[in-house]
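For the record, the sequence lines run as chains A and B.
Residue numbering for the first sequence is 6 to 207, as defined by the working numbering.
Residue numbering for the second sequence is 6 to 207, as defined by the working numbering.
One thing to keep in mind: the hints can contain errors.
Note that identical chains are pooled: a pair holds if it fits in a single copy or bridges any two copies.
To be verified - In silico DSS-like links for lysine-lysine, alpha-carbon gap of 30 angstroms or less:
(1) K143 x K64
(2) K28 x K64
(3) K28 x K40
(4) K64 x K40
(5) K164 x K135
(6) K11 x K64
(7) K40 x K135
(8) K136 x K40
(9) K40 x K11
In case anyone wonders, no lab produced these hints; they're calculated from the structure.
Protein chains: 2
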Amino acid sequence: MNFSSKLLENAVYEISQLPGIGKRTALRLALHLLKQPNGQVEQLANSLVRFRNEITYCKNCHNISDTEICEICASFNRDPSVICVVEDVRDVMAIENTGQYNGLYHVLGGRISPIDGIGPNELHIASLVKKAKEGTVKEIIFALSNTMEGDTTNFYIFKQLEGLDITISTIARGISVGDELEYTDEVTLGRSILHRIPFEVQ
Amino acid sequence: MNFSSKLLENAVYEISQLPGIGKRTALRLALHLLKQPNGQVEQLANSLVRFRNEITYCKNCHNISDTEICEICASFNRDPSVICVVEDVRDVMAIENTGQYNGLYHVLGGRISPIDGIGPNELHIASLVKKAKEGTVKEIIFALSNTMEGDTTNFYIFKQLEGLDITISTIARGISVGDELEYTDEVTLGRSILHRIPFEVQ
Numbered sequence: 006m007n008f009s010s011k012l013l014e015n016a017v018y019e020i021s022q023l024p025g026i027g028k029r030t031a032l033r034l035a036l037h038l039l040k041q042p043n044g045q046v047e048q049l050a051n052s053l054v055r056f057r058n059e060i061t062y063c064k065n066c067h068n069i070s071d072t073e074i075c076e077i078c079a080s081f082n083r084d085p086s087v088i089c090v091v092e093d094v095r096d097v098m099a100i101e102n103t104g105q106y107n108g109l110y111h112v113l114g115g116r117i118s119p120i121d122g123i124g125p126n127e128l129h130i131a132s133l134v135k136k137a138k139e140g141t142v143k144e145i146i147f148a149l150s151n152t153m154e155g156d157t158t159n160f161y162i163f164k165q166l167e168g169l170d171i172t173i174s175t176i177a178r179g180i181s182v183g184d185e186l187e188y189t190d191e192v193t194l195g196r197s198i199l200h201r202i203p204f205e206v207q
Numbered sequence: 006m007n008f009s010s011k012l013l014e015n016a017v018y019e020i021s022q023l024p025g026i027g028k029r030t031a032l033r034l035a036l037h038l039l040k041q042p043n044g045q046v047e048q049l050a051n052s053l054v055r056f057r058n059e060i061t062y063c064k065n066c067h068n069i070s071d072t073e074i075c076e077i078c079a080s081f082n083r084d085p086s087v088i089c090v091v092e093d094v095r096d097v098m099a100i101e102n103t104g105q106y107n108g109l110y111h112v113l114g115g116r117i118s119p120i121d122g123i124g125p126n127e128l129h130i131a132s133l134v135k136k137a138k139e140g141t142v143k144e145i146i147f148a149l150s151n152t153m154e155g156d157t158t159n160f161y162i163f164k165q166l167e168g169l170d171i172t173i174s175t176i177a178r179g180i181s182v183g184d185e186l187e188y189t190d191e192v193t194l195g196r197s198i199l200h201r202i203p204f205e206v207q
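Bound conformation, chain A alone (with noise of 0.2 angstroms):
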């Protein structure tokens, strides 16, 4: 492209340099940005410094958070006995947002994928080990992606927790509400009928 100033060159650079944004939409905001009044540059450039350098992640359960301990880990509304088991932080907000879990969460960071160089020492199992034997911990629960590396994790967090006394469940494959039979993948849908449930009248 030919910028005729080196401000609005090296802008649309950085913009660009965020995932899924190509040389044209950078552009487009920077142009976009020029247009807003000045103090709201400066504000969306002081959250990102301030997100980036202040946050922090929950020292129990490695979700991010703005303090030592989250909202979550820290609420007395939360069931401690029951763990969720998740990839990363967006998976909790997914959840959270369904309103339908009531427990507390521990976010691994990621899934073991010796392909891409991450080994269980990568992973916050280790932490999630020690909670489990301290006891409190009745359900572990785990919500994985449905893919080699995340049955591969399960398997070895599994591994890990054997001998303890807690139950572990991993949640519900199935089709998904409102979707029709014929369009689902055979995969998905035989475990529908493997793991069917009992009839409810709602």
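Position chain B relative to chain A; hints supplied.
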């Protein structure tokens, strides 16, 4: 969305103020920034703030610029007797990218649109007319978008320039290079036939 962190929530809110970026994308970008080295976020923030605060517009053509007179206007290799009138900075870039134009530009900053409250006085039309009256300009090329507002703006400027010894032209409209006839809309195809040009063996 259910954020466990106020800092994250702020960052996501600020990012999602950008056009075309929703909450989900904003969250993805924020979490991406979190994984980047600290310096990179500050670099992004700085370049945005500097861009917003330090950028100026060329006094001559109103193009975006780091200096009082932009590179194009200041260049000795450009022909100051031809001026291409465009709506905004992106149009300058688009034409510069073709490498086919050697004259100067005049950025109007929009087009006349009474519905949006944009009249001739909101645009850089007076300075264009003043420039035209100074005598160096031999040709003015309209390169506004082909809409009602674009046509109105063209006509308004045309009227202002009446009586001056200046060739006024407009960029050619027609079928895109590589496009097929049968898929072209009839207005464009009609114009292509009306404004046919002498055949040249290349």
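Verification of the hints:
{"no.": "1", "hint": "K143 x K64", "verdict": "within (20 angstroms within a copy, 72 angstroms between copies)"}
{"no.": "2", "hint": "K28 x K64", "verdict": "between (39 angstroms within a copy, 27 angstroms between copies)"}
{"no.": "3", "hint": "K28 x K40", "verdict": "both (19 angstroms within a copy, 22 angstroms between copies)"}
{"no.": "4", "hint": "K64 x K40", "verdict": "between (42 angstroms within a copy, 18 angstroms between copies)"}
{"no.": "5", "hint": "K164 x K135", "verdict": "within (14 angstroms within a copy, 81 angstroms between copies)"}
{"no.": "6", "hint": "K11 x K64", "verdict": "between (43 angstroms within a copy, 17 angstroms between copies)"}
{"no.": "7", "hint": "K40 x K135", "verdict": "between (53 angstroms within a copy, 26 angstroms between copies)"}
{"no.": "8", "hint": "K136 x K40", "verdict": "between (52 angstroms within a copy, 26 angstroms between copies)"}
{"no.": "9", "hint": "K40 x K11", "verdict": "both (18 angstroms within a copy, 27 angstroms between copies)"}
Checked against the numbered hints listed earlier, the structure breaks none of them; every hint is satisfied.
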